[in-house]
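Turn these sequences into a full structure, and let the hints steer you where they fit.
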Amino acid sequence: MELPQTEQAETEIPLLQDEILAKSGIRSWACVVAAFGDKAEFTFAESKFGHTWAADSVDKPEFTPVNSEVIATAQSLIIKQTAKQALVGWLNGVGLGSTIAREETIERMNSVYAEFVDTCPVTEFIDIVGRLDQASWFNSRLIRTHVREALSVAKEALPENRIWPLEVGLVFERVEGVNHLNESQQNKLKAHINQLWLERTPSTEIITIASGLVSSMQGVSHA
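Throughout, the numbering used here is defined as the position within the sequence shown, counted from one, plus 7.
FYI, nobody ran anything at the bench for these hints, they're computed from the structure. Any given hint could turn out to be false.
Pairs of lysine-lysine residues, derived as DSS-like cross-links and limited to a Cα-Cα distance of at most 27 Å, are as follows [claimed, not checked]: (1) Lys46 x Lys67; (2) Lys46 x Lys91; (3) Lys30 x Lys46; (4) Lys67 x Lys55; (5) Lys87 x Lys55; (6) Lys46 x Lys87; (7) Lys87 x Lys30; (8) Lys30 x Lys91; (9) Lys55 x Lys30.
Remember, predicted model here, so these are calculated numbers, not experimental data.
Printed below as a string of structure tokens:
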């Protein structure tokens, strides 16, 4: 016997935070958590609201009432979780001795990367840390110092006015608030967009992530 459509829809919407992330994806997960907090389980109404918002538009919801502060939180969560999944995927392919060591390394790398998220695409972070002796991966201070030095050298080597692919420019122009960024911040944003484009990330997701970065950069510049 088939369930009525409304009942069937309710059973298909996950309520546990882990299941929302696994089954519905980062965007729906971020919307639910941003709106109702970081908890293990949500009510059906809460989960449905987050899923509806994500399906509408994370950045500019037209049919779902969401204030700008909650939107900014969702954008930040998307950026952080996308980066964490990239780090997990990378570290799962590296021999670290034990499951505990792997989990601790993932959390350590994720924590350190959070300090560089505004200036360094996660793929560049992985490339930089990959050149560091694995014995140093268990020390956050050594990782942080190595990344900071590598970024400093890279910044000196690359001109600020480097030429970006046409696709990067087209996406960049669709991100709100970029005109309020200084030249250095705009180039950092383009670097993120370029990396996401190379990873074949859909344009809508790139714009969502880039919008979150713009908000973060503006917060830093106004601090």
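A quick look at each hint next to the structure:
| no. | hint | in the structure |
| --- | --- | --- |
| 1 | Lys46 x Lys67 | 25 Å, holds |
| 2 | Lys46 x Lys91 | 19 Å, holds |
| 3 | Lys30 x Lys46 | 17 Å, holds |
| 4 | Lys67 x Lys55 | 18 Å, holds |
| 5 | Lys87 x Lys55 | 23 Å, holds |
| 6 | Lys46 x Lys87 | 17 Å, holds |
| 7 | Lys87 x Lys30 | 18 Å, holds |
| 8 | Lys30 x Lys91 | 17 Å, holds |
| 9 | Lys55 x Lys30 | 14 Å, holds |
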